[in-house]
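> Protein chains in written order, with the numbering used here: chain A, 1 to 652; chain B, 653 to 966.
Keep in mind that a hint or two might mislead.
Quick list of in silico lysine to aspartate or glutamate cross-link-like pairs, DMTMM-like style, CA-CA up to 25 Å [unchecked claim]:
no., chain 1, residue 1, chain 2, residue 2
1, B, Lys881, B, Asp960
2, B, Lys881, A, Asp404
3, B, Lys881, A, Glu469
Residues from chain A that keep clear of chain B, each with C-beta distances beyond 12 Å, as calculated [what the hints assert, rightly or not]:
no., residue
4, Arg133
5, Leu229
6, Leu252
7, Val338
8, Pro428
Source of the hints: derived by calculation from the structure; they are not laboratory data.
Yeah, the Cβ is synthetic: ideal placement off N, Cα and C, and Gly gets one too.
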Amino acid sequence: MSLVLEPEIDAAQSSVAADHVFGRIVRTFKSQPFALAGALWMALVVVTAVFAPWVAPYDPNAQNLLHVFAGPSWHYLLGTDNLGRDTLSRLIFAGRVALPAAAIGVGVAVGIGVPVGLTVGYVGGLWDRIAMRLVDAVLALPGLVLAIAVVGALGPSLDHAMITLGLLASAGFARLTRGVVLAVREQPYIDGARVVGESTPHILFREVLPNAIGPIVVQATLAFAHMLLFEAALSFIGLGVQPPQASWGSMLTDARSQIGNDAFLAVPPGLAILFTVLSAQLIGDALRSALVRGRETRGRVTRARPGRTRSPRQAGDPVDQNERPDRVLVVDGLRVAVGGDPGVTVVDDVGFELGRGETVGVVGESGCGKSMTALGIIRLLPLSARITGGRVWLNGRDLLTLTDRQMDAVRGKEIAMIFQDPKGSLDPAFTIGNQVSEPLRLHLGLSRHQAWSRAVELLDQVKLPRAAERAHDYPHQLSGGQLQRVMIAAALACSPDLLIADEPTTALDVTVQGKILDLLAELRSELGMAMIFVSHDLGVVADICDKVIVMYAGQVVESAGIHQLFSVPCHPYTERLLETLPGSVPPGEPLARIPGQVPPAELWPDDRCRFADRCDHAEPICVGEMPSLRAVQGSLSRCVRTEQLRAVEEVR
Amino acid sequence: MRRVLLSRVLALVPTLLVVSLVTFSLLHLMPGSPASVILGPDATNAQIARLNHELGLDHPLLVQYVTWLSHALRGQLGSSLLNGQSVISMIGEHLPVTLSLALTGMFLAAIEGLVLGVAAALRPNGKLDQALQVATSFGLAIPGFWLAMLLVIPFALWTRLFPATGYTPITQNPIQWLHGIALGAIALSIAPAAAIARHTRGALASTMSQDFVRAARSRGLSERRALLKHGLKNSSIPVVTIMSYHFAALFGGALVVEQVFGLNGIGQLMIASVQDHDIPVVQGLTVIAALIVILVNLLVDIFYGLLDPRVRVS
């Protein structure tokens with residue numbers, strides 16, 4: 001039995017603006033057939049209960065000993081019981097017991113819980129702490145047992161029991177209301193009201209309470225469902241209404257005693273309880289989605305998942321990696337889209353190649369598609385994104401044609417990745433040794449023991465001090481820099497051919513950054529692996545990369561060797577990025593910033609240069625058509641004016 | 653860890669205080685005095701006053717409370733007003749039935765809820781996931797005692813696979829014990845199982861969107877392995893918390909479900925005592941029921957501490 005009064009709603013949720021409320025509720029019920037059915041059933045129960053004397057076909061207590069245990073018929077729609085009383089009439093009249101009883105319970109709970117929550121939340125301090133301790137204490141008690149005990153002391157009365165249950169449930173409302181108060185207490189308009197000298201009750205009830213109404217209404221609806229179940233249980237054990245008055249619970253008591261004679265008697269009252277409780281819950285859920293914000297994102301999964309290839313083969317020059325066996329990785333025409341079909345393209349025709357031991361930097365501002373490119377290559381895009389085209393050849397195999405299972409075997413073995421946030425990227429519930437062991441056991445088939453000792457060696461190799469001891473530590477016991485070393489150890493455990501490093505030093509202190517970069521460079525040459533180094537920082541890229549692709553708005557705008565790029569930048573965007581580096585201006589002068597920001601992907605044009613709006617050199621020719629990526633002076637550039645601009649530069 | 657344990661035990665003090673106050677006040681909520689209940693309607697005022705004095709009911713309330721509390725702390729819960737039997741021994745006779753039902757029900761609920769929740773999370777929005785959404789709504793709305801009756805009809809009345817009534821102590825015959833309580837425990841387990849399944853599904857979904865799951869997948873763990881290892885362990889904490897929440901409700905439900913099977917548990921004892929105004933028994937039962945729930949919650953809290961290394965190691 002779900003006799004639980006749990007705090008269903010988070011404190012931080014606040015209700016929506018009042019003027020749209022009614023429309024939102026109507027729309028929600030219209031769009032959710034289950035909720036609508038629940039509302040209709042509840043309305044039916046309420047209306048028939050109110051008009052019971054007129055609606056019910058018979059007197060609920062009228063006995064007809066000639067028609068006992070009559071099955072359903074036109075005469076008695078739901079049959080009769082052992083005394084020949086009409087079941088349908090009794091069901092209808094029983095609504096007059098259940099609904100008011102539940103209403104009393106909810107009324108007491110709201111009437112006491114909400115003011116208490118408002119007060120302690122607003123006053124705060126010691127009172128708040130004492131009240132919350134008591135709330136926890138009360139919520140931990142078995143409510144039904146206490147209700148029965150109070151009935152024992154005060155005498156059999158459903159009202160006594162429901163008031164007791166309401167008092168217990170008020171703790172949940174106090175907690176909920178207090179949470180909302182805490183969330184809004186420091187808002188400027190509350191301060192404003194205080195400053196203009198509004199009285200505390202005025203502030204509480206006029207300014208604070210409206211924020212809590214949505215969550216309270218939802219919680220009250222769910223509590224109503226619980227109270228209906230309590231009433232049924234109490235009446236069933238004979239401590240609710242007294243015979244011959246009908247209640248759904250007491251009808252089941254009669255059915256229980258006659259179960260050998262007529263099992264059907266147990267069905268209608270039980271269904272009445274089930275449907276009514278279910279209706280209250282469905283209405284509560286619908287009200288929550290209409291009234292309470294912040295819940296929508298909760299259940300939504302944005303899980304890392306291999307991107308599905310929609311149109312993997314595009315017309316155009318096919319790249320066969322067999323022609324270039326020295327290449328570890330060849331990315332060709334990679335496209336990633338987010339959202340529905342066709343969705344918004346966030347990575348647009350990205351391609352590059354990597355030889356053994358070679359490192360490519362992928363640079364650009366946030367929102368340029370760098371990380372999406374990296375995640376696309378390893379096929380760990382978020383659930384909302386998918387690969388829509390291109391090829392990713394790794395050691396001669398197109399990763400985009402592999403099954404999920406084949407891809408699992410590639411990740412961690414041939415291709416590995418380290419992430420921006422080492423703290424979030426290690427599972428807090430497992431030791432670091434365990435997590436470094438993971439790929440060893442999975443790919444190399446090592447035993448737990450072997451994997452552990454190999455993991456310790458790896459941790460030692462990434463210069464984690466006292467590796468053997470620290471392998472037993474949990475992530476929360478290590479610093480950010482140490483955690484990134486652990487991540488590197490886990491990534492390199494199976495000596496992959498390709499390491500993808502997605503902003504691996506961005507979240508770290510500057511002093512630690514350098515050490516991590518040195519470590520990566522050292523391990524790269526030791527293992528001879530290729531590396532994709534994603535960064536927004538050209539300075540860092542200069543230290544570690546052999547070549548660079550510059551991305552803007554999902555496209556590669558320039559691709560060049562590292563020296564070439566720094567000495568002769570071809571694309572204006574690259575130039576602007578270089579200007580933001582410290583050292584590009586004389587000491588003392590402020591660093592340059594690129595004005596504006598990358599527009600959101602749905603605004604990226606397809607018929608003109610995407611950077612033109614932010615470019616100092618833009619001319620009408622730039623917005624005539626989409627420039628193609630073409631070879632210019634040993635680089636690839638996506639600027640139609642590259643030669644002109646270079647010429648101007650040289651004249652200067 | 654010792655610190656955690658201490659703070660958990662200390663956190664029980666307010667709960668125990670609330671329980672003791674509520675329980676103590678039951679006696680004084682009663683219309684008429686206990687003495688008049690014992691002595692019946694024919695008693696003279698003098699007789700009532702004398703018995704009140706003997707029972708210590710003429711002292712100030714605070715003194716009575718302290719006396720009652722100190723007795724209760726030593727396990728003395730008084731004796732029945734009706735037959736003078738000690739409350740503790742009466743409860744001891746009836747408790748095993750109810751506890752069997754409640755603990756078995758909770759055990760089943762945990763298994764059902766976890767298995768279904770994990771299965772649904774393995775394929776989000778798959779058929780099973782969607783079916784479970786509907787099924788859990790029903791599970792949360794169905795009264796346990798009605799479900800018990802629905803189980804009795806086919807399994808005990810029509811086929812006699814299970815007994816419709818009767819309890820065998822576990823010490824006498826464990827198999828018959830289980831046979832006797834099975835239907836009741838299943839009926840009790842459905843609502844908490846529905847809640848646990850929902851929470852497991854939800855907790856797994858939010859854990860699986862964490863960065864560390866993506867990192868684990870980048871090391872080659874399949875989605876299923878990542879869910880069963882990283883997802884499950886990290887989700888276990890919210891799920892375990894919800895279990896302790898539901899035990900209190902399940903215990904109350906067990907008192908009612910007993911009635912369906914005519915079992916002589918503490919539900920029976922409580923109903924009889926309530927009808928007879930046998931307040932010391934009602935008080936004793938309230939204290940014991942609250943203690944059992946509190947104890948289970950404490951165990952869960954400790955278990956929770958064991959699960960979370962951030963609590964355990966510091």
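> Evaluate each hint against the coordinates.
We went through each hint and held it up to the structure:
1. Lys881/B / Asp960/B: Within the cut-off at roughly 14 Å; holds.
2. Lys881/B / Asp404/A: Holds - the C-alpha atoms of Asp404/A and Lys881/B are around 19 Å apart, at most 25 Å.
3. Lys881/B / Glu469/A: With a Cα-Cα distance of about 23 Å, the restraint between Lys881/B and Glu469/A holds, given a limit of 25 Å.
4. Arg133: Non-interface label fails for Arg133/A: nearest chain B Cβ at 4 Å, not farther than 12 Å.
5. Leu229: 6 Å, violated
6. Leu252: Answer for Leu252/A: violated, closest chain B Cβ roughly 6 Å.
7. Val338: 15 Å, holds
8. Pro428: 6 Å, violated
The structure fails hints 4, 5, 6, 8 (numbered hints given earlier, in ascending order).
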